[in-house]
Amino acid sequence: MKKDELIQLIDDALDGDCSEADFLRLEAQLHVDVEARKLYYSRLLLQDSLTIHSQELAENSPTEEPTNIVSPDWGNRSGMWLWAGAFAAAASITLGFIIEDSKKKNLPATASQSIGEEPVATGFGVLAESSGAVWDNLTLERGALIPAGPLKLESGLAKLELFSGVQIIIEGEAEFELHSAMEMTMQSGKLQAQVPEPAHGFKVQTASGEVVDLGTQFAMNVTAEHNDLQVLEGEIEWHPKTAPKENLLDGDSLRWTVQGQRSQFPANINLFEKATDFEENLELRKRSWQEASKELQQDSRLLAYFTIEPAQRGNRHLSDRSAKGNDGTIVRASRATNRWGESERALDFSPTGSRVRLNVPGKHPALTLYCWLRIDSLDRHYNSLFLTDGHELHEPHWQIMHDGRLFFSVKAHNPPNKHGDKHIAYSPPIWTPAQSGQWMQVATVYDSANRTTTHYVNGKQVSQDKLSASMVVPEVSIGAASIGNWSEPYSQDPDFAVRNLNGAIDEFALFSTALSAEEINTLYQTGKP
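Take -5 as the starting number for the sequence shown in this note's numbering and just add one per residue.
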């Protein structure tokens, strides 16, 4: 196959305009021709680069915009086939080739991982719970991986679950560092550890010595003057730096000074008794959110507002809590546990075909889309949050790319070749496999008056695009749409693009105005567990 012909086939496929016959020719060529596979990737990278470059020009241009290049519409069946087939065929290309190209373009490294590189996360455990926890120069949400390096808990309580099975409660002010799931250093502060049998041998280093757990619970209070040790259950070894080791059993305690002197102290450390603070704090925050949610339901700017309530078996109706009454219908999605730990109060969209169907009438000069979601994985090219049926003129699409970037667009034009039909506002990557299973708030604000699209994550702005004049849609239409998936209800083709979110949503809202950064942050602060 000649190079010009190959380029044309690749470009047609990337644009979603490749016929089934041409796709089969291209797929066959990709399977047998390494150079064809390299060319395919170079065209794919070029198209992404042009998208990014054109949007940067549009943002910086004081006058009329250059032609806007957009990503292909993978809703086309042949395009979806190519995405799967070409990536399978291209698996033999060395990762070095792809990664090097992606570095040159400053594209997210996650894109290269989809070729078969095993995802990598960093940490030795997770933050299971916290109560009033204030970290020094760090924000840790519940479920977050504990980062490497020294950590300082300024105040409050934090419960860590290490991958070895060890459970630790730390009370601030405390300084510590995890070296592995079986070893840590405690510079200062109170600690209590519960060590299961598979983790016997867990070690805690201090300035005056080392504790080796032999099972199952011990506590310590480390200060600049001394190290207090207490065995609540089981046995530990104490290895002081200036004396022979000794074993401590149930109920034993000792104080070891920095001068190497041993003395007794009252056994009074039991941080696990304070574990009820975690549950009480979560319950208080949930009640506070429930009150805020009731107030939000009265907001006249709402187009739709969904919180997930328990329902009778077989009931697939989802009530709109706003005054608009744009109720939804649940399709395939199953009930799941929400961010507050309540069963059947979230919707899991992981089963193929899952969605919530709704209709939102009217035209709107601005939109704010907001939800709390849990992402399990991003294993599709597009992972839907809220998509209108098909993608008609003046309609929005909100989704997450396979590399973790938020995607928002409103279709501004209907050109014959689909080029220049919309401005796609991408955020930086907001999700990695390390965050799998964590709840997070995401929001996107489309403001036609100010010509901006702004993405938020957990109450903070992560990006803002300035739209060129020709890409601004003064009035956005929604109509029939889906939460968590994409629909083409009038299509007679049984094959469909798989775009359902692999994860869950427990709160979703649409506003007819552009919420401010302060309002987005307030929604986050009142809604976070």
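No lab work stands behind these hints, which were simulated from the structure alone. Do not rely on the hints blindly, as some may be mistaken.
[Stated by the list, open to error] Capping the alpha-carbon separation at 27 Å, the derived lysine-lysine pairs in BS3-like fashion look like this: (1) Lys357 with Lys412; (2) Lys522 with Lys280; (3) Lys288 with Lys235; (4) Lys146 with Lys235.
For each hint, the structure was consulted:
1. Lys357 with Lys412: holds, 23 Å
2. Lys522 with Lys280: Measuring from Cα to Cα gives roughly 8 Å; hence the hint holds.
3. Lys288 with Lys235: violated, 59 Å
4. Lys146 with Lys235: holds, 25 Å
In this structure, only the earlier hint numbered 3 is contradicted, and the remaining ones agree with it.
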